[in-house]
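Protein chains in written order, with full-length UniProt numbering: chain A, 1 to 406; chain B, 1 to 294.
Treat the hints with caution; some may be incorrect.
Under the rule of at most 30 Å between Cα atoms (straight-line distance), these lysine-lysine pairs were calculated in the DSS-like manner [what the hints assert, rightly or not]: (1) A:K300 with B:K63; (2) A:K369 with A:K223; (3) A:K369 with A:K300; (4) A:K369 with B:K171.
Footprint (simulated), chain B over chain A, 3 or more residues, beta carbon under 8 Å [said to hold, decoys possible]: (5) 212-222; (6) 251-264.
Worth flagging that the hints you see were computed from the coordinates, not collected in a lab. Every residue gets a Cβ at the ideal spot worked out from N, C-alpha and C, and that includes glycine.
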Amino acid sequence: MKRTLLCSLLAGMGLITATAAQAQVSDNVVKIGVLGDMSGLYSDISGQGSVLAAKMAVEDFQKSNKPNFKIEVVSADHQNKPDVGSNIARQWYDTDKVDVIVDVPTSSVALAVSQVTREKGKAMLVSGGGSSDLTGKDCSPNTIHWAYDTWMLANGTGSAIVKNGGNTWFFLTSDYAFGHALERDTEAVVLKNGGKVLGKVRHPTGTQDFSSFLLQAQSSKAKIIGLANAGGDTINAIKQASEFGIVKGGQNLAGLLIFLSDIHGIGLEKAQGLFLTETFYWDMNEGTRQWSRRFASALKAKHPTMTHAGVYSAVLHYLKAVDAGKTDDGTKTIAQMKTMPTDDPLFGKGSIRADGRKIHPAYLFEVKKPSESKNPYDYYKLRATIPAEQAFRPMAEGNCPLVAKK
Amino acid sequence: MEIFGIPIQAMMGQLLIGLINGSFYALLSLGLAVIFGLLNIINFAHGAQYMLGAFGAYLLLNKLGLGYWWSLLIVPLVVGATGVVIERTMLSRLYKLDHLYGLLLTFGLALIIQGLFRNEYGSTGLPYSMPEQLQGGVNLGFMFLPIYRGWVIIASLVVCLATWYVIERTKLGGYLRAATENPQIVQAFGINVPRMITLTYGFGVALAALAGVMAAPIYQVSPQMGADLIIVVFAVVVIGGMGSIMGAIVTGFGLGLIEGLTKVFYPEASTTVIFIIMTIVLLIRPAGLFGTQK
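So here's chain B without its partners, still in its complex pose (with noise of 0.2 Å):
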């Protein structure tokens, strides 16, 4: 049987790529929406915190001997925290001004990262070895499935059900949504409102780290790694809706899908598919699929 001249078999094998690529799009946009949607920031610089964990990655395996799974504890807290330290010195200077300029000191803050990391290692990237609990592959029948890239999707749809859970369902998400509408009033009730924003900022440069270290035994350990990938990102969480949690989520794996049948089809047009239905959706709903105008 075949869909526009493709065996199903193959198209098949296809759309779970394209999902499993999705999951990478969707983890790191939903970091994205978590910090805008919160703190009202663009972070620019959520490109360059992914390579930095994959980068963590490799130097804990290279330095102290710290293995994948080691990685994916340590590595997102490492660098969480020093996105709390970026929030602490930096950002929380910016809150009162415009959009722009938080999106202008990430965007700052990522060149230099990514500068100082192809002056040390260099433009080809470095190797790292997949986790040997997770080498090989099933044979699906339509596809050879690599059981790491399935373990990839399955990581990743935990994390982003459980960090949309404890947004829109938990008494805590609670509280953070209510001091973004209205600091003052959620300060009056004994609540420290500028300690929850700096840790939300950790936890989303932290969301940034984990997909870096999973990122890592696929790419290239590369300093570019992120800015390659960081504008497709903006892309799915415009179309989504800027800081709509469910909105990156979703639009992260279908885009995902959407850019794998580009590859079958048409293969030149792979990575400009997304600006074009970014083009479409915003011309229709300004606000993203899944946003809401403020």
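So that you can see chain A by itself, here it is in the shape it has in the complex (with noise of 0.2 Å):
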């Protein structure tokens, strides 16, 4: 079956197979660069979950192709600051021969590695960055971007809200690539939708005390706090919301871009009730729940995030790549990845589209009451399910130069 899958692919990709056919593994090993956040705010929506999804993609590969070549993960730490993070791309692709660099949380810093990665030839796969330009006006022939995006977190979330009559909307947004992504993206969607935007404030990354700014979102009188951010920084503002007595006042907070991970730290007592989009959920079947399990046995107990689970769809899809190419080199293989349809126990069926951007449906959640939840990391309750042709911007809509418009 497998075998005949790649004949007909290899048919069908006549032009690339020819020069493929000759090009080889650079020096037999395929080297893959985790780049996340090790030590920060996000360390543990990325960090060392990151690494360890990495490495049972690589032994999930080895187990069932037996590849002829050998496959070595690395990993660092970029601080969250887009100088270190393409300082230490430029070193790992110039000196130690990494071939693939994965992850990458916060947007601005996947931006400029995403540049660095085109500039070099290479290969990147973002699961970790959120911002939708990277497959929008940044796309590049060099970078996939997995798991998520701001567009998708916004119309999954956004228009769910707004439907259900939460039609005045004032922003908490962090103040960077992301976060304006995000804003514009929901933006868009709430005026799509028929709905109105009071006010917004640009908070910087790493704020600890969100009062001033609750405050504001209070006196503005909106219905819903959209929290344009992420990781510390939504949570801190979802706990003193709660201090504040926002929601027993009549509003609603929606958070944009909420993990697994950041529901396990503010606790469903404060976060019960909140809608939020993600493509993965450890709880979906048995195929999740099954690598999960793993995941988890491995980490001290914690359960995956979505970024964790697209950096073991990303990479397991990138090493088949390799091995259908026979090659690894950067841009080639990344047009290889585009021709093979994508399968794996923690998305299912998807496939990726020519500006870079992987399709799978996405899902609505709700956090679950202290009296619903059975055990640990049993937070969400399934909502509504987005298809995978609804749930990501249309390609014609991104502006992205590799897709000719018509």
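Put the two chains together into one complex; each comes in its own frame, and the hints tell you how they fit.
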């Protein structure tokens, strides 16, 4: 089965395979660099979990495909700084023979590393960073955007809330590339559905105290306070909103990017009732449960976030493409990946578009009440499934220069 | 009525919030000022010790079932005791050397402590609930004031003023100040100067831990919380004048206010504004607002 699929692909991709047949995996080693936040604000979302996910993918690939090349995984901490991230990327590509960089949370870093990757003709698989610009105006033939993006979050959570009557919004926005993109994409959804934006505040990343901003949101009388931020910022905002009686006063919070680890940190008491959109939850089906148990048993019982799942899925597909294309050349492998359908236990069947967007369904979840949760990490109720073809921005609307405009 | 386009009611709310944040700055910079003023140690571990205070409260509640009020009492004592150990075993060897060595040692300690906690508990942080008696809030007309925040402002004002009083107005404080001026003479009067210095460091650390316990219900109990705050607190101490107790208290509250106002007019700059003020103050008064040139 696998072989027939491969043959048909090879036949279909005559031109690429003709050059790929001569090429080879450089020095017989495929080196994967996990570039994440290992010590800061996003280290529970990315961090050691992403390294583990990459290693699990390598393990599974070696078991199933028995490749004739070696695979190594290295990792580094970009400290959420674009300059640090691009310096590591340069050093990895130039002297350490890294072939592909994965994870890369913090959109500003992801955009910078994507640029370096393009210059060097290597490959990058983003699952941590969120800005939809990665497959929009800043798209690259060397980058694939995996787990989620700001457009998907905005449309998943945003439109569900507006349709349920939450038609006036106030944004608390993290003041960097990701926050701006999330705010822009959500605002568009709100306006499109007939809602209004009454105000916005842009706060520095890593703000401890949100009370001033929450007071402004409160006095705006907006029905929904949209949190266009992530990690510790979102957690502090939610926690302090409950202190200021925001929800009791009739306003609601919309967490536009919330990970499972964030809910774990806030506790169900304060997080209950929140709507959020994710593309992966550990308790979806037997496949996701089995993988997540394996993950948790290796990482102090912590359950995987959608970023971790994205790293696993992306690395697995990348390795399959290297194997199929017989090369670890970045540009060629990314092209190869786009021609092959994706399939793994975490995201199910999917595909990769020409603009570098990985396509799979997204899910709208509601956070359970403490009384509904039976086990640790039993946090979400599925509210709606957004089919793959609707979950992400239509390619024609992204303004990606790689895709010819019609 | 409006001031620069902001309704006066909203402005009052922001000022009150600024004052509350300022009380954390004051409490933390007070500990730093005490330690620097009397020991000449630039205690970079202060942020980590503040974080230890918050974790102490979390652990007492979750491992021993002791609530917030016990934490307020026990945690500063325990964390202060670790301060005593650090002073006895490490810092006391550095007094004859340049300030920089103390700074480097405490900075290293901070990194180690934070690293250990991050490994164990992750970066997202842990939830800590407010004590029942302090939940809820009061509607002041211009804003909704959570009772807990009101409590923080009063508690830290009391602690700050009591500390100032002890150091500046009592005999014990007099000995302390004399010992830093001329330890030999004070020792000759039969006062155990090394022990006094040890206890002073322990006290400064306990103040950081107390601030940590008070912060736990508002912020996430997270390994990063001290590192995020310490630079700001240092700026507060520098603006107030290194070692000046009153300077630390007044600038702590004052900068909280200024930061609060910045969050209304230009929120993007709210974390930078303190450093801009620091630059201006250092240019005009290099010893800080309340400092004296030595």
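Violations among the numbered hints, reported as their numbers in ascending order: Number 4 only.
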